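> Here the structure of chain A is known, so what remains is to put chain B in place on it, guided by the hints.
Residue strings, one per chain:
2 protein chains.
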Amino acid sequence: MSIRIITISREFGSGGRSIAELVAKELGFAFYDKALIAKAAERTGFAESFIKEHGEQRGPNNLFSLPFASSTYNGMSTEDYLWSMQRSIILELADKAPCVIVGRCSDYILRNRKDAFHVFIHANHEDRAERVVNQYGVQTNNPLKTINEEDKKRRKNYRYYTDREWGAADNYNVSLDSSLFGIEGTADLIIQMARDLGVAEGEGPAADPEE
Amino acid sequence: MSIRIITISREFGSGGRSIAELVAKELGFAFYDKALIAKAAERTGFAESFIKEHGEQRGPNNLFSLPFASSTYNGMSTEDYLWSMQRSIILELADKAPCVIVGRCSDYILRNRKDAFHVFIHANHEDRAERVVNQYGVQTNNPLKTINEEDKKRRKNYRYYTDREWGAADNYNVSLDSSLFGIEGTADLIIQMARDLGVAEGEGPAADPEE
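Here the protein sequences line up with chains A and B, keeping their order. Note that the first sequence covers residues 312 to 522 in the numbering used here. Note that the second sequence covers residues 312 to 522 in the numbering used here.
Next up, chain A with everything else stripped away, as it sits in the complex (with noise of 0.2 Å):
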């Protein structure tokens, strides 16, 4: 078997995303996180910066689940319409080129598929801390707070729509601390295991441009 698609599933500020980046551009892989948010975009008509919030979220907080906000789309809600365009948009994707996708529950949507490879990044709460503030260029007076609240959302998204517990090691074929490996580090261990599992290496285009 040799590995066409990568997931990379992460806490927020685990660095995951650079190192889905790094991982995509070694490989030749395309690179889906922001370039996924762009075509969810122009399919549903929301705007980027919509979809970027509502997209990994849902739960009974969030007003737009709430049944009044989501007559438009027969019945269902904003989020739940977002969840099945962006779950077809990944399934259209894995089928294209050999690819890195970046969070989006895309390790529940492909977790039959042989030709993908399930990767979740976490590190410790300093330094994701520090990450969100100074990399991310959030603004919070707590960002340990900012950090728990959006691993809750992440993780009531995640059940809602999986029935799975977002984080638990089993849902991922490795788990990596990005805290202990460093970002580097992190990305190397996932393209020598992708090298090693066989990796249908060089087919995929370029990644892309997406910073």
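Derived from the structure by calculation, the hints contain no laboratory data. Computed from a predicted structure; not experimentally measured. One or more hints might be untrue.
List of simulated lysine to any residue pairs, SDA-like, C-alpha gap at most 25 Å [to be verified]: (1) Lys425(B) - Asp438(A); (2) Lys425(A) - Gly496(B); (3) Lys463(A) - Tyr471(B); (4) Lys467(A) - Arg466(B); (5) Lys425(B) - Asn435(A); (6) Lys467(A) - Ala352(A); (7) Lys464(A) - Glu441(A); (8) Lys363(A) - Ala346(A).
Same frame as chain A, but now just chain B:
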């Protein structure tokens, strides 16, 4: 920092114990699984079979946790007593020499040691069922049920003593799917990661001849 301790937590039937043994042998680390049970037996006076059965299980469904069974140890239940003894033994062993420790919440007990590397091994249900029957020789008509029950017990025990979720990727530095990487492949990955991080190799005694 040099890795002196590797804790290997594992799903029942994932081959985690065999993997741990390979890692210990290759790195020249002491291997503590049965040796730990023997030590706990010596110190508590319980039979090894009793410790094997109860040393990783605790929960409301377990008779031994009921107060009426616990009066002999200052009001402590048998399992709480066993937990406490196993905890001291793990802390002592970790101080002594480079070692690989299997299960028994050792990841939690040694969570603050900078020289510890924490690993979780999981596998898919089919492979675990096959291993439990054909390699561990467990007598069962329904191996999938046996596995789920064992998972449930470990989860309950872990949550009770650590207030954390068993098998959550966050608890470990790396979690690996032995179904994908194979037993030797998984061991090789752990050995290589430890060496990359810097390992106190060769300092330890030869692995205990536990088999």
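> All hints, please: hold or fail.
We went through each hint and held it up to the structure:
1. Lys425(B) - Asp438(A): Distance of about 16 Å is within 25 Å: holds.
2. Lys425(A) - Gly496(B): The hint holds at about 18 Å.
3. Lys463(A) - Tyr471(B): OK: Lys463(A) and Tyr471(B) at ~22 Å, within 25 Å.
4. Lys467(A) - Arg466(B): holds, 21 Å
5. Lys425(B) - Asn435(A): Holds, at roughly 13 Å.
6. Lys467(A) - Ala352(A): holds, 23 Å
7. Lys464(A) - Glu441(A): holds, 20 Å
8. Lys363(A) - Ala346(A): The given pair, whose Cα atoms are some 11 Å apart, holds under the 25 Å limit.
In summary, this structure violates none of the numbered hints.
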